[in-house]
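Peer 1: In case you want the letters, here they are:
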Amino acid sequence: DGGITQSPKYLFRKEGQNVTLSCEQNLNHDAMYWYRQDPGQGLRLIYYSQIVNDFQKGDIAEGYSVSREKKESFPLTVTSAQKNPTAFYLCASSTQDSEAFFGQGTRLTVV
Amino acid sequence: GDSVTQMEGPVTLSEEAFLTINCTYTATGYPSLFWYVQYPGEGLQLLLKATKADDKGSNKGFEATYRKETTSFHLEKGSVQVSDSAVYFCALRGYSTLTFGKGTMLLVSP
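Going line by line, the protein sequences match chains B and L.
Residue 113, in the working numbering, is where the first sequence stops; the numbers in between run on with no holes.
Residue 114, in the working numbering, is where the second sequence stops; the numbers in between run on with no holes.
Simulated from the structure, these hints should not be mistaken for laboratory data.
In this text, all values refer to a predicted model and were calculated from it rather than measured experimentally.
Treat the hints loosely; a few may be bogus.
Stated by the list, open to error - Below, computed lysine to aspartate or glutamate pairings styled on EDC-like, alpha-carbon distance capped at 16 Å:
1. 60/L - 73/L
2. 106/L - 40/B
3. 106/L - 12/L
4. 106/L - 99/B
5. 56/L - 40/B
6. 56/L - 99/B
7. 85/B - 40/B
8. 11/B - 46/L
To be verified - Simulated restraints on C-beta separations:
9. 59/B - 83/L: 41 to 49 Å
10. 43/B - 33/L: 25 to 33 Å
11. 5/B - 5/L: 28 to 36 Å
To be verified - For the chain B half of the interface with chain L, some residues (derived, Cβ under 7 Å), not all of them:
12. 45
13. 92
14. 101
15. 105
16. 106
17. 107
Ideal Cβ positions, reconstructed from N, Cα and C, are used throughout, including at glycine.
Same shape as in the complex, but just chain B:
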């Protein structure tokens, strides 16, 4: 089945730790995205990539980093510089001009 897979579903981070969220797609999409979702805030764009080895900051990139070494993979690292990382993180992919397909999300909690 073609789709987009995020892992893990739940993730706990201690203060000062970096954590990496995985996102893999087998839809052969060029573009991939990371969004953060907080209650009442909708979706906010963190980073996006339109092609391998290239990515751009979104609206709330501070405290996050990404890489795009393979077309299928777009991992997101939440660094210790992100002061309020508790949120629901959504990864998506698309062709250059179509709708996005979303993964099931990762819920990150700081403990």
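Since the structure of chain B is provided, determine the placement of chain L on it from the hints.
Peer 2: Quick look at chain L alone, frame taken from chain B:
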């Protein structure tokens, strides 16, 4: 920049009632427009889309018409079911990314 504004919720309806969720947008050019649905604890699923003015997207009894003159893409359903309870997002495809509204929660009671 691009923006999407949708009505705040929650929208509370009884089963079989008529649903409208308003969505307006600001964008350069002629963006594609989408409605997504999100069930608790899950990702977003595409509900319907329209790619040009006057197009009507439809799926599972939901409909929305791309109105360029009013820059709107309102979601409608003639008779909602309890299983339609979810959060609905309006979105547009800009030059390089998608822009989403804040979402509208729909609660349908039996």
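Peer 1: Hint by hint, where does the structure go against what was stated? Just the numbers, ascending.
Peer 2: 4 and 5
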